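**Q** The primary structure of each chain is shown beneath.
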Amino acid sequence: MKHSPKIIPDTLKFLTAVSSSEYSGPTLKMGSLIASVFDADLGVVYVGEKANEFHGSSVNLTRHNLDNWNIIHPGLETLKWALKELQTYAPENKALGGIKFNSDHVYEEDGRVRVLLPEEKGGRIELILREGELVDQLRKEIQLEGYDLAIIGGSKNKRHLAHSIIQYLPSSVLVLQKFKPRKQYKLLLLVDDSQATRKSVAWGALIAEKLDWPVRTLTVSKTRHFGPGYQGAADQAKAYFESRNIEVEQFFLTGDPVNTFAEFAGDDHMIIMGASTLNPIKQLLFGSKPIKTLARTDVPILIIR
Amino acid sequence: MNIYVDILFWIRQKKWLLVALIYGMVMHHGVTPPADLNPAAYDALIIISMALILIITEPLPLPAIAIFMLFMQVVLGIDTANNVASSFMNDAVFFIMGSLMLAVAIVSQGLDKRLALGIIKLTGHQTWRIVAGFTAISAILASFIGEHTVAAMMMPVGLTLVRYAHKDPRKVAGLTAALLFSIAYGATIGSIGTPSGGGRNVIMLNYLTEFGAGSVSYLEWMKYVYPMVLFQIPFTVMIILWTFKPEQSNLDTAVRKLVVEVARAGKIKGREWLAIILFALVFLGWVFLSEDFGLGIIALVGVFLYLAFGLVEWNELNRKTNWGVILLFGAAISIGIQMNQTGAAEWVAGVIINNLSRVIHSPEVLTGSVSVLLTGFMSNILSSSATVAVVGPIVLDLGGDKILIGFTTAIASAFGYFTAVAAPACTIIYSSGLVRSKDFLRAGWKMGILSILSLLGLALFWWPVLR
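Top line first, the protein sequences correspond to chains B and E. Heads up: the first sequence begins at 16 in the numbering used here, then just goes up one per residue. Heads up: the second sequence begins at 580 in the numbering used here, then just goes up one per residue.
A portion of the hints provided could be inaccurate.
A few chain E residues facing chain B, derived, Cβ under 10 Å [as the list claims (entries may be wrong)]:
1. Y583
2. I586
3. L587
4. M604
5. H607
6. M734
7. P806
8. D871
9. R898
10. W902
11. G903
12. L961
13. A965
14. P1003
15. T1006
16. Y1009
When the alpha-carbon atoms are kept at most 30 Å apart in a straight line, the in silico DSS-like pairs for lysine-lysine are as follows [what the hints assert, rightly or not]:
17. K593(E) <-> K65(B)
18. K981(E) <-> K1025(E)
19. K746(E) <-> K44(B)
20. K195(B) <-> K155(B)
Partial list, computed: chain B residues near chain E (C-beta under 10 Å) [claimed, not checked]:
21. T77
22. W84
23. N117
24. R231
25. I296
Hint data in this document are derived by calculation from the structure and do not stem from the laboratory. Computed from a predicted structure; not experimentally measured. By construction, the Cβ of each residue, glycine as well, lies at the ideal position given by its N, Cα and C atoms.
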């Protein structure tokens, strides 16, 4: 298995969603780390609640007036914090360090507000403010800018959100459930005979290399028999990791796939799995492995599309 | 495959539009109207209930809902296109348009800095006095210039004090909530005081005239309602301080820093005086000329004067005015008028009275409680002005003194203390991100009880003196 441009494009764009300085620190940190692993451009988006439309103009009028008092939109405050955090995560990045946040340098376009950063320094960072429903706004942003991966924090309303995020976001998704930046995770790669497995292996290898995390591949069959497709995919994955000197262990288990994934993952793995190839209507009605796995587990999970 | 995902996503986002359309089709084609309700009235009720579903769930932008309400009246044959067009634009809509534009014109003058100094001079540095000052000034100003204008001007003052009191507003959550709620609740209790306090008051005045209940002058409205504003101010202050318990009892440093910041604006300038004089003229026009010219026309004269004297640019007015809301109120009032003309409002009122009269025997109590509870409840899920536009025609047909019912409904529409959606001032403080939904509930139930008791007192003891 080669790391070909078809599996992982040369230029990648990742999007990290932040909600506040209080809760989004780990998400932003991992977003920054993953972006550096893949040498990707990084967008940081704040999605805030949209004011009731009846009073929208009064809210806007107030915000314009608050600008005169140098009090900025709470979303811009969060983006200002995010830029500062990104600078502390990568102190060696001189270009990033030189960027100063200026709340006057914002531009409204395509139903969002973009913070303008100096092109030569901040060309690889985007700071975006959006207002509205989270999944709708993330989907719009991903479609507009062609992001390859969306990175979001875990949510209290997990079951409902898991379904919408996985079904409707048109990119790969990393959901950082109960993510602890200092914790030493193992990568748990779910392997089957689908096309998405090849891509998952390539993404997993890059992450494992950079973060120095050991890899475990897990293949689950409902019966005791593992067909040649499953066996072949698992062996190919193992060989690929070994060819890159990544520590890898291989597991074959029998049982219900989602329960087995969840039990095996425990609380010290980050799961990587391919997106479902099921018909979207079937996914909506019956769910899919990624949707159910996200709903059942409490560890970070990367779903590759 | 992607096209299926797109279709499913569209269905997810627009499910309430589909629900409203299916409901409308089933009601129109599949259900036989009650025998005592004529077909046009039945269709008017279908349109209004579909519009309510759409307004509450927001699957469409407001202007789209407004357009839907207008064309459906013609498509279902309730009225001709010309009649619908003429019912769409009236003085209440002019007032809402004028008041939104006046808000932009006034706020852009920077008078908030003068206001901040004035309040601080009055109140001093103690927190409870500042909360009291914010509440009283917001209430009194909002009663004349509208709560959205006052909240837009007071918010920077409140947030600046919070910022100077502590670097992290979350560490002084009680103080933050107390200051912001004193602006929001102050402006909300004040908005009932005069017709110009809120668009809903003017919508009600318009219905009273339209439905032949007679006209009410600006001063008459004040005579009936203003005592309630004044009565509620001290109790609102107590409720806010009791609920939010500010962490600092003295804002000495914060006030000093605020005064320094505000003092940079220098002495009051000629331009600011002109802005104040023009608003005073508009106010005098509302008091003395509104019966002849209408509140809306006078508001528009004010906008004209601000533009003519170059105090505001048209581009700014155009950019900051929500034309969609104006369209929606035009459409809501239009369907409200159809509800009256087709007899739909009378039929709904009859159903309510027939059902509730078994439980409540006194007609006055029944009418009063229906108008207060229905309006108060709807305001908290819809918006205060939209509630009056929709509920107004029904409550005016409940029986009893239409003018008093009109006052009761307009007052009750300001009881939107429980959520951030009801009143513009509440939405404005919520948009700061520093108060939470549950803060509205914590203080809202106390405010609700205060307002219902105050209204009861007004109706039982003050209005009989005036009638």
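**Q** Is the hint on L961(E) kept, meaning its closest Cβ partner in chain B is under 10 Å away?
**A** With a closest approach of 8 Å, the L961(E) hint holds.
**Q** Does N117(B) pass the interface check with chain E, least Cβ-Cβ distance below 10 Å?
**A** violated (19 Å)
**Q** Interface hint check: H607(E), Cβ to nearest Cβ on chain B, cutoff 10 Å. Holds or violated?
**A** violated (27 Å)
**Q** Under 10 Å, Cβ to Cβ, is where P1003(E) needs to be relative to chain B, so tell me if that hint holds or is violated.
**A** holds (4 Å)
**Q** Given the hint that K981(E) pairs with K1025(E), does the C-alpha gap stay at or below 30 Å?
**A** holds (29 Å)
**Q** For the hint on L587(E), does the least C-beta distance to chain B fall short of 10 Å?
**A** holds (6 Å)
**Q** Would you settle whether the hint for T77(B) is holds or violated, based on the nearest Cβ-Cβ distance to chain E being less than 10 Å?
**A** Nearest chain E Cβ about 4 Å off; hint holds.
**Q** Does the nearest C-beta of chain B fall within a distance shorter than 10 Å of the C-beta of W902(E)?
**A** With Cβ-Cβ at 9 Å, under 10 Å, it holds.
**Q** With 10 Å as the cut and Cβ atoms as the points, is M604(E) at the interface with chain B?
**A** violated (24 Å)
**Q** Does the interface hint hold: is I586(E) within less than 10 Å of chain B, judged Cβ to Cβ?
**A** With a minimum Cβ separation of about 8 Å from chain B (threshold 10 Å), the hint on I586(E) holds.
**Q** Can the hint on Y583(E) be confirmed by a CB-to-CB distance to chain B that is less than 10 Å?
**A** holds (4 Å)
**Q** Double-check T1006(E) for me: the hint is only fine if its C-beta lies closer than 10 Å to a C-beta in chain B.
**A** holds (4 Å)
Hint compliance for this structure: hints 4, 5, 7, 8, 23 and 24 are broken, all remaining hints hold.
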